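Listed in order, the protein sequences are those of chains A and B. Residue 25 in this note's numbering sits at position 25 of the first sequence, and the numbers go up by one each step. Residue 1127 in this note's numbering sits at position 127 of the second sequence, and the numbers go up by one each step.
No lab work stands behind these hints, which were simulated from the structure alone. Check each hint, because a few of them may be wrong.
Partial list, computed: chain B residues near chain A (C-beta under 10 Å) [unchecked claim]:
1. Val1146
2. Thr1193
3. Trp1194
4. Phe1283
5. Lys1286
6. Gly1311
7. Leu1316
8. Leu1326
9. Ile1365
10. Asp1384
11. Met1451
12. Tyr1467
13. Arg1539
Model, not experiment: these values are computed from the prediction. Using N, Cα and C, we set each Cβ at its ideal position, and we do this for glycine too.
These are the residues of each chain, in order.
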Amino acid sequence: MSRLCLALPAALLLALASAAAAVADTGLAPVTPESPNANAIRQTYWLILIVTGVIFVLVEGALVLFIVRFRGRGRARAQDGAQIHGATKLETASTIVPVLILAGIAAFVFVKLPTIKNVPPANAAGGALKIEVVGQQYYWQFHYPGGQVAVRRMVVPLERVVELTVVSPDVIHSWWVPALGGKIDAIPGRVNHTWFKAEKLGHYEVRCAELCGLEHAHMTGFVDVVTPAAYSKFLADHTGAATALGKEIFDGVCATCHGLSGQGDYGPRLIGNGVVADPKALEQLLRAGKNKMPPVGASWNQDTMDAATSYLKGRFGGG
Amino acid sequence: MAARAEPQPYRADWKRGGITGWITSVDHKRIGILYIGTSLFFFLLGGLLSLFMRAQLATPNEHFVTRNQYNELFTVHGTTMIFLVVVPILAGFGNFLVPLMIGARDMAFPRLNAFSYWMFLFGGVVLYSSFFAKGGPPKAGWTSYVPLSELQYSPGHGQDLWILALHMLAISSLAGAINFVATIHNMRTAGMTWTRMPLFVWSIEAYAVLLILILPVIGAGLTMLLLDRQVGTHFFVPDEGGNALLYQHIFWFFGHPEVYVLILPAMGMISEIIPVFSRKPIFGYKAVAFSTIGIAFISMLVWAHHMFAVGLSWGLQSFFMITTMLVAVPTGVKILNWLATTWRGNLLFDTPMLFALGFIAIFTIGGLTGIYLAAFPLDWQVHDSYFVVAHFHYVMFGGSVFAIFGGLFYWWPKIFGRMLDERLGKWTFWLMFVGFNVTFMPQHFLGLLGMPRRVYTYDQGGLWEAYNLASTIGAGVMALGVLIFFVNVFRTRHRGRRVGNDPWVADTLEWFAPSPPPPENFTQPVPYVQSARPLRDLRLKLKERDARVGA
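Make a model of the complete structure from these sequences and hints.
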């Protein structure tokens, strides 16, 4: 009996593990994890899925069974069922058993918690890479330790532990890369932390999970996990008032409202727009906002601002 | 004083009075009907808004509504369904039923009762007037988190009208809750001790006490937000020394118990319906009653599980995980007791019973997904995603609203003296049951795939599109079920089958009064209550007497 007790869950786990591979990214479980914390979270999911799955089958099974077994079959309304008023032992058991099950789930969470929350020590890929993530209406901005700035697309080297500091200058946003761990809110007046260590080269989607206004749906981005060589090239491309940054700003910040080719959408047309041709006026607009346009550039340093104004002028200002 | 075998249906007094009679009425039954009718009207409005949302999300990059309108839709939909539908319709049932169930003549404070209803109606009117306000309706979600709901990010008057509407609704609910507590504590008929009270009355007691505890808190929070917006204070403005998280703590200290305000009376209805249609007493009366109190108590200690992603300390997150998991214990007790009530019963599948059984089937899923959200590291994945949307619709729609529909079909003959049509009722149930699951089951999967809530569009095709499309189709099926309910109401208005006092052969005192009950409620002296099933006791006594007379 006790061997059966052990073998059964083990077999179930094995079956689920193989099922896990089959259901990858179908929505039956969190997306395929590519970071240790995301992986531990998904293990928690599997455990809870098994436990709640069993309870689900028991309850719904009993419900269907009773409905079939005790259906009226044309008996008169006046005919009573068995007049049972309760059973103290059953009530006690139905209190204690759930407590034990929940204690088990909670214990599993506490066992997995260090893997999820603790930033791992330095490894062969180097010490932790510390990046500041600024969420603002309606884009993500990344500040690298060497002063480089990127918008919407975060580039990190493979296998390197990345420690994120998440902040917001305006409303609340929530940083969420499903494949690389859970979400953490970017809250004005607070500094939050999270981390990941990408174990596979790839292109991972970032979303804002907290309603942040009109373009919440389009506050997306990417984490690109690249080789160390490609990472060095990325850093070089993003130093100072770089064109690469200017293009990122247009694609990630301006295009959300002004259209992917500046043709105008929710916001006015950029092509041939007088303000775009005038870097001073444009800087003023980006820093302060106007009417429906949020102050998207309020937090930019001068290099970032110059990258934006010169790119926009070059592309749309005829200049 | 034998119960009349075929009582003449009472000619309800509003049929004499006309509109003035309704406006000036302080009768708990009329006020209850006003509450229920008004809530059903708002239910149609809120449901219509959700159909617009589902139309917008049916396929990727849809342009059915604008981004602006979409944010308005979910804000007004959520606010409507919680504050203008579920809370007031439960208040309506409570109003109509509590005095009857406890053998009383009316509520303790009839005028206060009328005040509650009119504040509710005007609150709803204020919310919907925001469609005509400068800047349009509120757009910051039914939670209206700061700083998004501050003047800088939400200019215009929609947000202010939202605050005003909620203030009015909070006052309405508070007055109503005080009235319920006063009534239940003081006006029970002779012999009705606490453990002989109908379980629905227990649940209204818990509902009312929770409301009294939490409404002042949201009132304070709303006032602070209003002052921030209109007077220039900065309670929630971080740059000026305020704190954005303070609002979330205040909101959820109210908001989470509010969720139990929405579900406990629904559970109370289930506890009334299942025994009657199983022809059995409720299994474990005391366990069900005390688990109601248990859920209400624990619900005050779980609010920060809505805030696991804000970066609370590990100790706090662990505390709120454990308290949240504890809610599952009394909830599990209830589900076990309902199941055990059907055990060896004579199950009759009239529409109220179908909704009650559907409630158990669906609510169990909603309860179980709550465990995923309680385990805080997992919550970091599913929080604010469509998984959460699916979860709370499983408890609020599949739970509360299914129970409410069960309650409508069950008490309709008592309220109006005529049955709703059973055949249409079964169509309503099956369309709603299937439509509900088709709508909300795929939303779990969408959340796990990474779809955040409150997005007006998405650009992924494939599974995202498939699940979203299924969800939209399901919403249409559900809408059809609801539509058939209203057809049912309309068709049986004059033609529905007339009933006597007690068409379901039920156990509680409301069935001792005529259908519909006259202004004084009971035409015969209410019998001394000797158990939680006074009407069954009476039936047995009459049978015994008939047997004696026959002999």
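Given hint B:Leu1326 near chain A, where the shortest CB pair must fall under 10 Å: Result: holds, 7 Å to nearest chain A Cβ.
B:Trp1194 as chain A interface residue, shortest Cβ-Cβ below 10 Å: violated, 17 Å
Given hint B:Ile1365 near chain A, where the shortest CB pair must fall under 10 Å: holds, 7 Å
Status of the B:Thr1193 interface restraint (C-beta, 10 Å, chain A): violated, 16 Å
Per-residue hint verdict: B:Arg1539, partner chain A, C-beta under 10 Å: holds, 9 Å
Interface hint for B:Lys1286, Cβ within 10 Å of any Cβ on chain A: holds, 8 Å
Status of the B:Gly1311 interface restraint (C-beta, 10 Å, chain A): Holds, because the Cβ-Cβ distance from B:Gly1311 to chain A comes to roughly 4 Å (cut-off 10 Å).
Cut-off 10 Å, beta-carbon criterion: hint that B:Val1146 touches chain A: holds, 8 Å
Hint status (Cβ of B:Phe1283 to nearest Cβ of chain A, threshold 10 Å): Interface hint status for B:Phe1283: holds (6 Å vs cutoff 10 Å).
Restraint satisfaction for B:Asp1384 [CB to CB of chain A, less than 10 Å]: holds, 4 Å
Chain A contact restraint on B:Tyr1467 - CB to CB distance below 10 Å: Where the cut-off is 10 Å and the nearest Cβ of chain A is about 7 Å from B:Tyr1467, the hint holds.
Hint validity - B:Leu1316 Cβ closer than 10 Å to any chain A Cβ: violated, 13 Å
Hint violations for this structure: numbers 2, 3 and 7, all remaining hints satisfied.
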